[in-house]
Amino acid sequence: MLRSIFTFLLFSFTLGLSAQFASPISWDFSYEHIEGDEFNLIAKATAEDKWAIYSQYTPEGGPIPTSFTWTEGDHYELKGKSVEKGHLKSGMDDMFGVDVMKFLSDEPVYFTQRVKITDYGKPIDVMVEYMCCDDEQCLPPTDEVHTYEIAPAGPGNGAVDPPSAPEPAAPVVENNTGSNGASSSSGAGGAGGNATQASAPKQTPAPAAAPTTSTTSIPATTQPEKVKRDELEPTLETKPLRVTGTYKAQGVAASENDPVSWAFTADKLDGNQYRVSLTGTLTEGWTTYSMDADPDPGAIPTEFRVTAEEGVTAIGEPTEESATLKVKYDKTWEADMAKIDGGTVTYSQLVEVTDAAKAINGYVYYQTCDDEMCFPPKEVPFSLDLSGATPVASIDGLTGTEASAGGGDIVAPAANELGLGVAFNPEPVGTCSEGARETAGKSLLSIFGLGILGGLLAMLMPCIFPMIPLTVSFFTKSGGSRGEGIRKAGLYGFFIFMIYVLLSVPFHLLDGLDPGILNSIASSVPLNLIFFAVFIAFAGSFFGFYELTLPESWSNRASQAEGTGGITGIFFMALTLALVSFSCTGPILGSLLVEAVSDGAWPLTAGMAGFGVALGLPFALFAAFPGFLNNLPKSGGWLNSVKVVLGFVEVALAFKFLSNADLVGEWDLLRIEPFLLIWILCSLGIAAYLFGFISFPLDSKKRKTGPIGMAIAVAGVAFTAYLAFGLTADGHTGTYKNRNLLSGIAPPVCYNYFLPCDKNRNITPFKSLEEGLAYAKEVNKPVMLDFTGYTCVNCRKMEENVWTQEEVRRYLTDEYVIVSLYVDDRSKLPDEEHREVVRQDGSGRTKLIDEVGEKWHYLEQTVFAKSSQPYYVLVSPDGTTLNPPVAYTPDAEVYQNFLECGLSTYRELSSK
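All residue numbers for the sequence shown refer to our numbering, where the first residue is 217 and numbers rise by one.
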C-alpha cells in the first residue's frame, strides 16, 4: 500500500515536468522480411542519457512495464511473443523498493514481434505504452501509436532466410521526436530482399528534434547486467581484456544431498592475467547465501577465494553475479537475508601470474537451504594447472578439457571423459523461454490417484469384498462399545495402509545407490520378459484356470499372531488380509509396481499409499456408519465377472512389456500391426464375455450381465473400432494413424511391417550424436538433443501428441536437426569407446560405460544434471546451450515458444 502511495505521489510530482518537456524516449519503427509472408515488426526505443525504459516482463509491484497493444484483425497473425533486446539490468531498484527489469540508455532497445500477413492491403496498428525513469524522477506512462504499412516481399513472394543482423544498403534518417514523437527509418532493400524496411508512422503532435543520420540494425546479442554485490559503487571505464583461451571443467551433478552443480571456467586474458569463475546451478526450491549475507542470524555466507601462492596474485575483490540475488525474508533463519534464490550464480576473480606460478588454486565454501532444512557448509576446490604446455582445469577432482585457445577462436576440444568431439556448455545463452519446471508434486498426486483406483478395484475382488461386512461386524460387536469398535476398525484400516507403504521401502534403498538404477531396471530386457510372463500368469488366475497364492505357512503364522490381542493382534489381522488376498491384489499391485518403478521410489510409494488408503479406509468408514453396509451389493457372480474383465486387461498390458523388450533388444518382431491386433482381440474378448458369448471355469451357469456390465461391453466394442482405425493409413504422413490413447503403450507407428515412414513426410531424428552435429554444422542449423528411451511413456506422448502439431512440426522438420539419444539402448559400444567414469551416487566409485544408452544417460546426468526422460536441449553445433532446456511439455504452445526462442538465439549467435 505504501509503495502504491509512493508511486502515485511520484507521478503527481513529475506530472508538471512532463507537461513542459518532451519524453526522453524516442521511437523508431521498421520491419524486416523473414520468409514467405512472415515479417518482423521492430520498435526501437532510444533513451536520453541516464534514462531507462522498463522490460515487458518486469515484476509486478514496481514500475509500469512496456506493453504493445495490437489492433485485432484477420489480415495478420501474431507469431509467438514479442522479443526484446538491449542492455538489460535486473535487480533491486532503490526508487521502487522491488526487483525491476530495465533497459539502460547506453544502447537502444529493440522490441521485435513476428507476424504473418494474410492481406497486405490493410495496415497493422500498434499502441506502445511505456514508462521511463532516471535516478531522481519518473514520468507518467506514455502512449506511442504507430501504423505499419507492409508491402509484399517481392515477385513471387518467395521465402528467403533473413540475415541475422540486417543492414540497410544506405544510411537512413532517424527522426527523434521527444514526447510521443513518432520516428521512421527508410531502408533501401530491393524487391524480395531482406533489408529492414521503414513503415510510415502515425504522427502525433510534438516538437521534432533535429534529424541525425545513422544506420539501423538490430544487435546480435543482448548482454544483461546481472545483480552485482557492488553495483551501486562507481566503476571505472576500462578497455575490455581480450580472451585468448578458455579452459573448463564440469563438477558433479546436483543431487539430493548437494543441490548445487558447479562449473569452473578459466579465461586466459592479455598479458599474464586470468579470470577464474565458478558458476553454480541450484536445484529448484534451494538457495545459497550471498558473500555479503549477514552471518548473525546463523546462515553461512559464501566464500570464494583464490589461494595465495608463489607467482599468483589476486587483483581486486571477487565478484558475485546472479539474476536471482535478492534480499528477502528467510524462513529458516527468521530474518531478511541476501541470498541466491534458485537459478544460477557466478563468482569471478581476476588473477595475475608470473613464470613461477605452477597452478591457480582456490575454492568456494557455501551452504544450501530450502524452506525446511539446511545442509552443512561444503567446500568445492578448483584448480588450473599451469605446469604443462596447455593449462588443465579441474573442479572437485574432475578434470575438464580445453574449450578454446589462441585469440579466442574455438578449436576442437581434447578427448573428454566420454570421448565426445564437442564440449557441451550447459549454461543457456538465451533467456526468452522458461526451462523445465519440476512437476514431481503433480506426478505424485496423479500416481496416488491411480493407486486409489487400483485399491478400489482390488476391493471388488472376491478375496476381499465379502470380508468387509464380516470384519466390520467383528469389530463393532467385540469392541465393548461403539466407540471402541470404531477405534479398532480405524486402526485395522491404518495398518492395511501402512503395510502397503512399507512394501516400497526397499526401492528407496535402491534409488539411493545410483540416480539411474531404477530406469535401468525398468528398461532391462530380461526384466520386461519376466513382467510379461508374470502378467500372463496373473491373467490366467483371473480367468479362473488356477489360483495364485502365497505360501500357506505365511498366512498361518500371521493368523496365529492375531491371538495376541491389542494393537499387535489388530496389526496381524491386517497382515493376514494382505497375505490371503494376494491372489486378487497381486496382479493389480504388479501393474502399479512396473508402471511406477521407472520413475523412482517416491512414485512407487505414492501409488502404494493410494492403494492402501482405498483398501483400508472402507473398514473404518463402515465401522463408523454401519448402516451403509445395507446398501452394499451382495456377493455373487458379478465379482467373478470383474476378475475376468481385469484378466483381459492384464493380457493386453502384458504385451506392453513384451513390446518394451522387443524395442530395447531390437528384435523387430512385435511391431505396431500385431500389437494392435492383440489389443483388438482383448477388447473384443471383454465385449463377448459380458454379452454372454463366452464363459470361463468359475462362472455361474446362470450368469447375467447387469446395466453396468452392458455399458462396459458397449465401450469394449467402441474401443475395438477405435483400435481398428489405427490400422488405416494417414494421408498426411503416409503411415498408420496415431492412436493417442495408446501413446507410450503401443510401439511407435513408424515401427511397422507394411507402411514404413517416409523421411520426407515424417520427423526422422539422427541416433548418432556425431553424425547429427556434423550435419547441423553443414546445413547451419541448431540441434535438438532429445534424451529419450524406448520404454519412456512420456517420450512417446510428446512425439505422437505434441511433435505432430503443425506449429511444432514446422520447426522440427525445417529449422532443427534432431538427435535422439536413447538412454536405454543396450547396444554395445566399440572397445575403444569404453570409459571408466565416476558414479553419480556421491560414493566416489567408478563404473564402466560399455553400452550406448549408458553413455547418453551419463552425458545427461553430468552435463545437464538430469536423470529423467524426456529431456530436450537446444544447442548449437559447437555445444552451446541456446536456452533453458525443457522436460515433458504437453502444452504445444509452450513447446513451440521453447523452439522459437532457441532458433532466434541461434541466429543471433551465428551473426557474430
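It should be emphasised that the hints constitute simulated quantities derived from the structure, not laboratory data. Predicted model, so just to flag it, every value in this text is computed and none were measured. Incorrect hints may have been included.
Calculated pairs, EDC-like style, for lysine to aspartate or glutamate (alpha carbon to alpha carbon, straight line, at most 20 angstroms) [unchecked claim]:
no.: 1; residue 1: K295; residue 2: D253
no.: 2; residue 1: K338; residue 2: E254
no.: 3; residue 1: K297; residue 2: D310
no.: 4; residue 1: K983; residue 2: D884
no.: 5; residue 1: K266; residue 2: D309
Results for each hint:
no., hint, verdict
1, K295 <-> D253, "12 angstroms, holds"
2, K338 <-> E254, "15 angstroms, holds"
3, K297 <-> D310, "30 angstroms, violated"
4, K983 <-> D884, "17 angstroms, holds"
5, K266 <-> D309, "14 angstroms, holds"
Of the numbered hints stated above, the single one contradicted by the structure is hint 3.
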